[in-house]
Amino acid sequence: MNTKALIRAAALTIVLIAVATIGSELSASVKQLFSSIGGHHWIGKSVLSLVFFGVFYGLFAKLFDDTFSIKDTWLLIASVLVSGLAILIFYVQHA
Amino acid sequence: MMNPLILLHAITAEVGVIAFLWVLVELLNPTESRVARAQVAAVVGCAALLFAWLVGGFYYVEVYGLHVKPLIQASEAAWVHSIVMEVKEHVFLFLPILATLATAMLYRFESELIENRDARVSIVLLSGLIFLLGFSIAGMGALISSGYRFALLAGGV
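If you read the sequences in order, they're chains A and B. Numbering-wise (our numbering), the first sequence opens with residue 1072 and increments by one. Numbering-wise (our numbering), the second sequence opens with residue 28 and increments by one.
Fair warning: there could be bad hints in the mix.
[Unchecked claim] Derived EDC-like pairs: lysine to aspartate or glutamate, alpha-carbon spacing no greater than 20 Å straight-line:
# : chain 1 : residue 1 : chain 2 : residue 2
1 : B       : Lys-115   : B       : Glu-41
2 : A       : Lys-1075  : B       : Asp-145
3 : A       : Lys-1142  : B       : Asp-145
4 : A       : Lys-1142  : B       : Glu-89
5 : B       : Lys-115   : A       : Glu-1096
6 : A       : Lys-1075  : B       : Glu-41
7 : B       : Lys-115   : B       : Asp-145
Calculated from the structure, these hints are not laboratory results. None of the values given here were measured: they were computed from a predicted structure.
Using the sequences and the accompanying hints, generate a full structural model.
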C-alpha cells in the first residue's frame, strides 16, 4: 500500500466534496447531474466521493513513491479544515 | 416518537468516533499489544462509521426530506435545515474517508509504529480529527432534533 498516495487521494477527495457541495448549490444543472447518479444529489456525491478516492489513489500510486512524510498528513488536515469551513461559510451566507 | 433509524445512526456513529479516540489513546505510548488493540478499534470504528453512513443516508433521503425538512423549513427554526443540516450532511462525507485512511495506515505500519514517530503522530492526529469532527457532527444532529421538536410544537402537533 502506498501511504503517500492514499493521504493525497483523501485530501483531494475532501476538497472535491466541498467543491461539489458548493457547486451543486450554485448551479441547478450540477445538482441535477449528482441527482442523476443515485436519485438524490447527496447519494450522487456520496458515491462519487468513494469512486474518486479510489481513482485518485490508483493514479497517485503510479505517480508517487511510497515515502511517507508527515507533511502529507498536515496537508490533509489543512484540506479538511479549509473544506469544512468553506461549506460552513457558504451555507451561513446563503441561509 | 423518535425514528429508530435515527437512534441506530447516532449510536453507530458515536461508537465509530469513540473507537478512534481509543486508537489515539493506544498509540500515545505504543507497544505491540497496544498497536494490535488499536487495529481492532480502527476496524470497529471504520465499520461503525460506514454503517452509520448507510443508515443515516437512508433516513435522510426516505424520511427526513419528506417529513422533517418541510416542517423545519416552515418554522422559525428554518436555519436548522438551511445551515446545520446542510453542513452536517456534507461534512459527514469526510469521516468515512478519514477513517479508512487511518485504518489502512495502522495495518500498513503495524509494529513499525513503535519506532516510526511520524507515522504514529499522523495516525494520532487523524484519530483526533475524526473524534472532534464526529462529535461536532453529533452536536449538529442534536440541534436538528431540537429544531424538529420546536417545529412540531410551533405547529401545534
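Outcome of the hint check:
Of the supplied pair hints, the one linking Lys-115 of chain B and Glu-41 of chain B holds, its CA atoms being roughly 15 Å apart against a limit of 20 Å. Simply put, Lys-1075 of chain A and Asp-145 of chain B have alpha-carbon atoms about 13 Å apart, close enough for the 20 Å limit, and the pair holds. For the hint pairing Lys-1142 of chain A with Asp-145 of chain B, the CA-to-CA distance comes to about 9 Å; that is within 20 Å, so the pair holds. For the suggested pair Lys-1142 of chain A and Glu-89 of chain B, the alpha carbons sit about 41 Å apart, so the restraint of at most 20 Å is broken.
Only pairs whose Cα atoms come within 20 Å are accepted, and Lys-115 of chain B paired with Glu-1096 of chain A is accepted, the gap being roughly 15 Å. As the CA atoms of Lys-1075 of chain A and Glu-41 of chain B are separated by approximately 29 Å, the hinted pair breaks the 20 Å bound. For the hint pairing Lys-115 of chain B with Asp-145 of chain B, the CA-to-CA distance comes to about 31 Å; that exceeds 20 Å, so the pair is violated.
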